[in-house]
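Visitor: Sequence:
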Amino acid sequence: MILWHIFLAFFIPGIVGYGGGPASIPLVENEVVDRYEWMTVSEFSEVLALGNALPGPIATKMAGYIGYQQGGIPGAIVGVFATVAPSLILMIILLSILYKFKDSPKVKRMTNYVRPTIAVLLGVMTYSFFSTSYVDAGLMQTIILIVVGFLLLEKWKVHPAYVIVGALVYGGIFLQ
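Counting in numbering that gives the first Met the number 0, the sequence shown runs from 0 upward without gaps.
Hints in this document: simulated from the structure, not taken from any laboratory. As the structure is a prediction and not an experimental result, all values here were calculated from the model. Where hints are given, some of them may not hold.
Said to hold, decoys possible - Taking CB as the label site, the calculated pair distances span:
| # | residue 1 | residue 2 | range |
| --- | --- | --- | --- |
| 1 | Pro104 | Gly165 | 42 to 48 Å |
| 2 | Val106 | Ala84 | 25 to 31 Å |
| 3 | Glu42 | Val113 | 22 to 28 Å |
| 4 | Leu97 | Gly171 | 47 to 53 Å |
| 5 | Val168 | Tyr35 | 41 to 47 Å |
| 6 | Pro159 | Ile91 | 47 to 53 Å |
| 7 | Val134 | Leu93 | 22 to 28 Å |
| 8 | Thr39 | Leu121 | 23 to 29 Å |
| 9 | Lys107 | Ser86 | 21 to 27 Å |
| 10 | Asn29 | Ser86 | 16 to 22 Å |
| 11 | Leu47 | Met90 | 22 to 28 Å |
| 12 | Ala84 | Asp33 | 20 to 26 Å |
| 13 | Val119 | Gly71 | 42 to 48 Å |
| 14 | Val146 | Ser41 | 53 to 59 Å |
Each residue gets a CB set at the ideal place from its N, CA and C atoms; glycine is no exception.
Generate coordinates for the entire structure from the input sequences, incorporating the hints supplied.
Guide: Laid out in structure tokens, this is it:
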């Protein structure tokens with residue numbers, strides 16, 4: 000029964016908390032502190048402070064911590080899943096609708112308008128990464144990573160996950 004309560008405590012704020020993690024924090028507090036009485040207000044504020052100190056989405060960190068505290072590892076898994084489930088369900092529904100109308104001229108036109116925007120955003124992000132890399136790691140290291148990454152991905156068709164892990168290992172060894 001505790002796993003069901005954990006699920007509800009994080010699923011309901013995810014459904015009604017428009018605006019993402021920070022907007023759903025008061026709703027989570029209501030569930031965790033008032034409804035289920037798993038924590039006091041002061042304990043919840045400490046969890047919130049801990050969640051804000053760590054990188055990543057606040058809602059999933061809090062759900063994982065509180066879920067673990069109440070139900071162990073299964074509780075953490077249920078809490079995190081309940082937090083992302085509303086977005087996941089909505090994306091599946093929206094993608095199924097989009098897939099249903101994929102041959103529609105309006106959908107094709109919309110896709111044609113969105114593609115250049117995404118390409119520009121990716122280009123700006125890539126430029127930002129390269130300029131930061133050039134400043135932080137140096138020109139030679141940046142060129143080595145770009146050339147080796149390009150060759151691994153395009154010429155030798157290595158899976159991107161391996162290229163990323165390789166770049167992380169390279170950075171850990173040579174760029175300390």
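Visitor: Now, for every hint given, state plainly whether the structure supports it.
Guide: Each hint, compared with the structure:
1. Pro104 / Gly165: 42 to 48 Å: holds (44 Å)
2. Val106 / Ala84: 25 to 31 Å: Given range 25 to 31 Å: holds, Cβ gap about 26 Å.
3. Glu42 / Val113: 22 to 28 Å: violated (44 Å)
4. Leu97 / Gly171: 47 to 53 Å: violated (40 Å)
5. Val168 / Tyr35: 41 to 47 Å: holds (44 Å)
6. Pro159 / Ile91: 47 to 53 Å: violated (25 Å)
7. Val134 / Leu93: 22 to 28 Å: Cβ of Val134 to Cβ of Leu93: about 39 Å, so the range 22 to 28 Å is violated.
8. Thr39 / Leu121: 23 to 29 Å: violated (46 Å)
9. Lys107 / Ser86: 21 to 27 Å: holds (26 Å)
10. Asn29 / Ser86: 16 to 22 Å: Since Asn29 and Ser86 have Cβ atoms about 20 Å apart, the given range 16 to 22 Å holds.
11. Leu47 / Met90: 22 to 28 Å: holds (27 Å)
12. Ala84 / Asp33: 20 to 26 Å: holds (22 Å)
13. Val119 / Gly71: 42 to 48 Å: holds (46 Å)
14. Val146 / Ser41: 53 to 59 Å: For Val146 and Ser41 the Cβ distance comes to about 54 Å; the hint holds.
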